[in-house]
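Q: Use the sequences and the hints to build the structure in full.
Chains as they are written, first to last, in the numbering used here: chain V, 1 to 99; chain G, 1 to 632; chain U, 1 to 395; chain P, 1 to 175.
No lab work stands behind these hints: they were computed from the structure.
Errors might be hidden in some of the hints.
[Unchecked claim] Quick list of in silico lysine-lysine cross-link-like pairs, BS3-like style, CA-CA up to 27 Å:
hint: 1; chain 1: G; residue 1: LYS25; chain 2: G; residue 2: LYS163
hint: 2; chain 1: U; residue 1: LYS147; chain 2: V; residue 2: LYS84
hint: 3; chain 1: P; residue 1: LYS168; chain 2: U; residue 2: LYS147
hint: 4; chain 1: U; residue 1: LYS78; chain 2: U; residue 2: LYS68
hint: 5; chain 1: V; residue 1: LYS84; chain 2: P; residue 2: LYS91
hint: 6; chain 1: G; residue 1: LYS568; chain 2: G; residue 2: LYS172
hint: 7; chain 1: G; residue 1: LYS568; chain 2: G; residue 2: LYS171
hint: 8; chain 1: G; residue 1: LYS374; chain 2: G; residue 2: LYS534
hint: 9; chain 1: G; residue 1: LYS534; chain 2: G; residue 2: LYS3
hint: 10; chain 1: P; residue 1: LYS168; chain 2: U; residue 2: LYS324
hint: 11; chain 1: G; residue 1: LYS376; chain 2: G; residue 2: LYS534
hint: 12; chain 1: G; residue 1: LYS163; chain 2: G; residue 2: LYS568
[Unchecked claim] Some chain V residues near chain G, calculated using beta-carbon distances under 8 Å:
hint: 13; residue: VAL18
hint: 14; residue: VAL21
hint: 15; residue: LEU22
hint: 16; residue: VAL91
hint: 17; residue: ASP92
Here the structure is a predicted model, which is why all the values come from computation and not from measurement.
Glycine included, C-beta positions come from ideal geometry on N, C-alpha and C.
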Amino acid sequence: MALEYYLVLSALLFTTGVIGVLIRRNAIIIFMCIELMLNAANLAFVAISRSLGEASGQVFVIFVMAVAAAEVAIGLAIIVSVFKHRQTINVDEVNSLKG
Amino acid sequence: MSKELIVVLLVAPLVGFLINGLFGKWLKGNEKLSGWIGALAVLVSLVCSIIAFTSLNSGAAPLDETLYGWITGEGFAFNIGFRVDALTAVMLLVITGVGFLIHVYSIGYMHGDEGYTRYFAYLNLFVFAMLILVLGNNYLMMFVGWEGVGLCSYLLIGFWYEKQSATDAGKKAFIVNRIGDFGFLLGMFTLFAAFGTLDFTTIFDAAEAGNFQQVFGASTLVIATLLLFVGAIGKSAQIPLYVWLPDAMEGPTPVSALIHAATMVTAGVYMIARSAVLYNIAHTGEIVAWIGVLTAFFAATIALTQNDIKRILAYSTVSQLGYMFVGVGVGAYASGIFHLVTHAFFKGLMFLTAGSVMHAMANELDMRKMGGLKSKMPITHWTFLVGALAIAGFPFLSGFWSKDEILHSAWGGSPLIYGIGLITAFLTAFYMFRLIFVTFYGESRVEPEVASHLHESPSVMWVPLVLLAIPSALIGLLLGWGGHESWFHHFTKAVAGFSSEAHGEASGNVILFMVISSVVGLAGIAFAWTRYSKRVPSDEPTGALHRLLANKYYVDEVYNALIVQPVKNGSHFLLWQLVDNGIIDGIVNGVAALIRFVGGLLRRLQTGLVQVYIVSMVLGIVLFLAYYLFFT
Amino acid sequence: MENFPLFLIISSAVKILIIVHMLLIGVMIMIWAERRVSGWMQDRLGPNRVGPQGLLQPVADGLKFMFKEDLIPNHVDKPLYVLAPAMLLVPALVVVAVVPFGSSIELFGETINLQIADINIGILYILAITSLGVYGVVLGAWASNNKYSLLGGLRSSAQMISYELTLGLAIIGVLMLTSSLSLRTIAIEQGAYPWQWNFLIHFPAFLAFTTAMFAETNRLPFDLAEAEQELVAGYHTEYSSMKFAMFFMAEYMNMIVGSAVVVTLFLGGWHFFGLENVGGPVWSGLISFGIFFVKTAIFLFVFIWVRWTLPRFRYDQLMNFGWKFLLPVALTSIVVTGALWITTGSRLVVGIGNVIAAFIVVSIVAGLLVMNKTPEPAIRDDDSQITPSALDAIE
Amino acid sequence: MNPEQILFILFGAVSLIGAIAVISFRHPIYSALSLIVTFFAQAGLFILLGAHFVAAVQVIVYAGAIMVLFLFVIMLLNLGTLSAKGAISGKLKGFAVILGILLAIEGVYIAVKAPNDPADASAETAIESVSTTTYNIGELLFNEYLLPFEVTSLILLAALIGVIVLVKRESQEES
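A: Below you can see the structure in the form of structure tokens.
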């Protein structure tokens, strides 16, 4: 299997994530889409790691996962806080920054 | 004497200030502690000063050391450094000695005040600044201290900031001082331009060698010294900038005693004595002497007609400062400083006694409402009497020695100065005893409800009085016996510029001068006795001269008409209404309106919807990628 | 592997068949055993009517479950409701793939490992798959659309996440000394004699792992997710017939697999005083399988024993215990094992050091807890006790 | 079609369908489940790539921890099906989808046109050496990437504290 197939798949997954972020209103789903994007990047990392024949890419994936875990914990905590305050997590209803 | 000692000496009041200033809230419930922390800080300094003084006295070399570079640049360097010689040592003793007693006195005097800890914080800060002023080994350090004491003076005059008159007086003192400080700054600039440094040692050496840049031609030093003297005029309340000092009596009385009689106002005298070398070379002393003697005379005449105890003392201070300037002006630097020392003690004493009287009289200051206080307040009375006798030149009390020395030196400079000085001495004795007779003797004119709780002050207040009264009486005898051969002259001989007393060379019979001074002083006392032992000063001034004096020569009014009103009007019509409102506001509002208009257009982009932002982000990414992938 | 690996496929298929069936039968036996053992412990008989000693009782129950009407309540989220039992059962089944249940057998000139798949990250595989079990519980609970179920599900997810940490961390000491993630290697590395087994070297980690394993199987004293007295039946309140049976089976399967993993990791696998080497290549393999089987059975008895001995934790106790005792112990175990192993290289020192360190840590934590103790609230009735505390943990 | 290709197509298709399902399902729970499916498929891809360790960690971290948290929060907040009407207009949605498709085209273009690495030729042989990477990863992680590793641990610690601060009750006295 050539590298390109994995990279194409990675690009498609990433784009799916981007579209999800753009069109969904539920903060949690947006958050999931961000995870999806991170995973797409991970896939590219691992594929390229194999292509180059060394393990550095996999190490980066480990880092990405650790940071993603931290991010999820913080992000969900924020979502819970927002929900407590406003009884909604729809990003278009949380628009206090409207100019 | 070591560097560390000086650092401790300097830092102790700073520590006191920090404790009282930062932790004042917690100390509030325990004001005694706060007061004693302040006093203790100054006591530490006092002990250090005594150590420094004794080591100097036993022949140790003066200290002149740089601690570290403060501002260093291409071709110049300003350092934090100390210079401790005889002059500094004397000043240190006066500052910390009188300062300590006044701190102790304040513990009782300020009892129950709302801003108790604030007061002690300011007082400590003042001591710190004053110490910097006298310890610095360059003009910049001196200026730092100079401004520091100015700030503390402002803070303390306006200490009771709820009172309109107090804040006004504070502002007045600050603004008037600013004029003087401006002169001082220009003087410093001149010196820096000429010498490339502000270090005392370097400047004095170069000046003596004539090795400096003639920035103003031959009159460089003349201009520099005169500009510095402008600073001294402001700080030491000489004509024409003396107007702030009488108003400064709005502050708490111990402040008047410490700052506006004993220490800060003498900074000008100290500065000129410190710069003695320059004044000797520039021959500008005569101007100093003339300003001094005129101030002495005018202030004394004003004091004749005042009825407010503290105002009399304030004018008396101005007058005595004039004497000091006469001393340093005619080149008798040691005598001038000697008078500074004695004056610090007896004037501090008198202010504190005045405070004691105020304390007893429920803040009444008009002496026409007093009278006969002698029996009610014996200690206050006697200590005040000592002070008054000392200032009046009563034989063998301290004022007698120092004033006599100055007059004696003045004769050597100009007999006319001597003459005016002598008249002033007479006036001084007269108004002081007018004050005594009206206040302490005769019938009691105290209002009944005040009289009921008329009492002697608590020990924490009268002990310092006694402690000040003793040196007021004796210090002249101890230090000044022997005129120009005295211990004091001997001690300060080594200070730069002191030894070459160009004009002040003693001439004539010393004993004769002493006798003349004593007779004049006694005559003043006697005259006061005949006029006021039975009589009370009338409310209404009688005669033109009296009115003129009672209104202080209308100086305030003249200043108001000539300076304050034009400036106000100019500010109002030209600066405010035309420049500020018309031009500057126009520009500012125009810019704001423009931005508001543009912002209003851009505002629509700020939807508050995260996803709109992300869409624009992604759009950007897509475009960038497209550009790099397909067009490069 | 150039040729088509026919033999491998056949042998694997046979192994899978055997193991899965053993698991399923094991579940039945366990159900019977639990009821009998509990009866014995409570001084009563337990099921004894169907078959000899009541052995056929589970068969009867199974038949009943199968023929019962498969009821799907109206208010549930259908797809997930149906999916949930499978999501719990499948991980329980597949996790057994990497457990080595014996040494090896030689048949037809080929060596057959008594293990379905010896993958080199075996232990990670176990952790990964067991962590999936929670989805069955949580989704089943949520799909039931019932507040008791939901509470059970929430509790279960919080509990699983909390104890999974300990589960993972406790084995790291073992991994450090073995330098392998393969379960087979770990089993082989432990010698033939009990004092060479990991549970002595990593005693605190062994206890922590076992405890966390109990929690992962949702059994008493960790069965808050289905606490009958509080939540009716927790996450499977709305389930009946075969779906309920699947939940039921999954629990027992988890127990069996968990016991097997503990035996592999800590109790020397199939080793027992060299007995596993007796006999030829076929017999030794069968004997090792037998040893492993007996060890697992004994450990399963411990499971039952604990269940009928200890009362249930309160929710805050559960969290405190997991985070403040087990986790520190597991962490300490890692640090101490690493440090002592590098410096001394002696298993004895590591073993002693681990126990001492764990003792110190537990003492410190206990001391801190006692010092910060807020007055224990008076005993409240069950209802007011559960809901707020469950929400506590959530918020 | 060798087995690897078959598996790649299988896993790739599943992950892609899962990803699309994530953004299509109305209900967050279904989205989350789809995401789990995607993650699993990706773990499969990782195994295809010989990254067994990463695959296991992927399942443990994402499926075992992160997604459980997601589910937990969704259940906790009891987020039901979301109404479709909102401030985001359909026009913007359409625009967003078009943008996404453009981005996908660009991404695919990059992937296909990426300069073929000279090492690519040896990639096939490298698979075997890389397939036992747990050891390699450990070695890299604790030598070359030790500092990032420690920094990551700090990030996790910071996150831990941050979360506690975020969700802590204001006062402890009430209970």
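Q: Would you mind marking each hint as holding or not holding in the structure?
A: The hints, checked one at a time:
In summary, the hint linking LYS25 (chain G) to LYS163 (chain G) is supported, as the alpha carbons are separated by about 23 Å, within the 27 Å threshold. Only pairs whose Cα atoms come within 27 Å are accepted, and LYS147 (chain U) paired with LYS84 (chain V) is accepted, the gap being roughly 20 Å. As the CA atoms of LYS168 (chain P) and LYS147 (chain U) are separated by approximately 25 Å, the hinted pair is consistent with the 27 Å bound. Straight-line distance between C-alpha atoms of LYS78 (chain U) and LYS68 (chain U) comes to about 19 Å, which keeps the hinted pair within the 27 Å bound.
Pair hint LYS84 (chain V) plus LYS91 (chain P) does not hold up; C-alpha atoms about 31 Å apart against a cutoff of 27 Å. For a cut-off of 27 Å, the pair hint linking LYS568 (chain G) to LYS172 (chain G) stands: about 15 Å separates their Cα positions. For the hint linking LYS568 (chain G) to LYS171 (chain G), the alpha-carbon distance of about 15 Å falls within 27 Å, and the restraint holds. Using a Cα cut-off of 27 Å, the hinted pair LYS374 (chain G) and LYS534 (chain G) holds, with the two alpha carbons roughly 15 Å apart.
Taking the CA atoms of LYS534 (chain G) and LYS3 (chain G), the gap is near 58 Å; set against the 27 Å cutoff, the hint is violated. Restraint check for LYS168 (chain P) and LYS324 (chain U): satisfied, since their Cα atoms lie roughly 18 Å apart, inside the 27 Å limit. The straight-line distance between the Cα atoms of LYS376 (chain G) and LYS534 (chain G) is roughly 19 Å, inside the 27 Å bound, and the hint therefore holds. A hinted pair counts as satisfied when its Cα atoms are at most 27 Å apart, and LYS163 (chain G) with LYS568 (chain G) qualifies at roughly 23 Å.
Hint on VAL18 (chain V) holds. Least Cβ distance to chain G is approximately 6 Å, under the 8 Å limit. Hint on VAL21 (chain V) holds. Least Cβ distance to chain G is approximately 6 Å, under the 8 Å limit. A hinted interface residue such as LEU22 (chain V) counts as satisfied when its beta carbon comes closer than 8 Å to some beta carbon of chain G; here the least separation is about 6 Å, so the hint holds. For VAL91 (chain V), the suggested interface contact is upheld, since its CB lies about 5 Å from the closest CB of chain G, less than 8 Å.
The beta carbon of ASP92 (chain V) comes within 5 Å of a beta carbon in chain G, closer than 8 Å, and the hint placing it at the interface holds.
Against the hints set out earlier in the document, violations occur for numbers 5 and 9.
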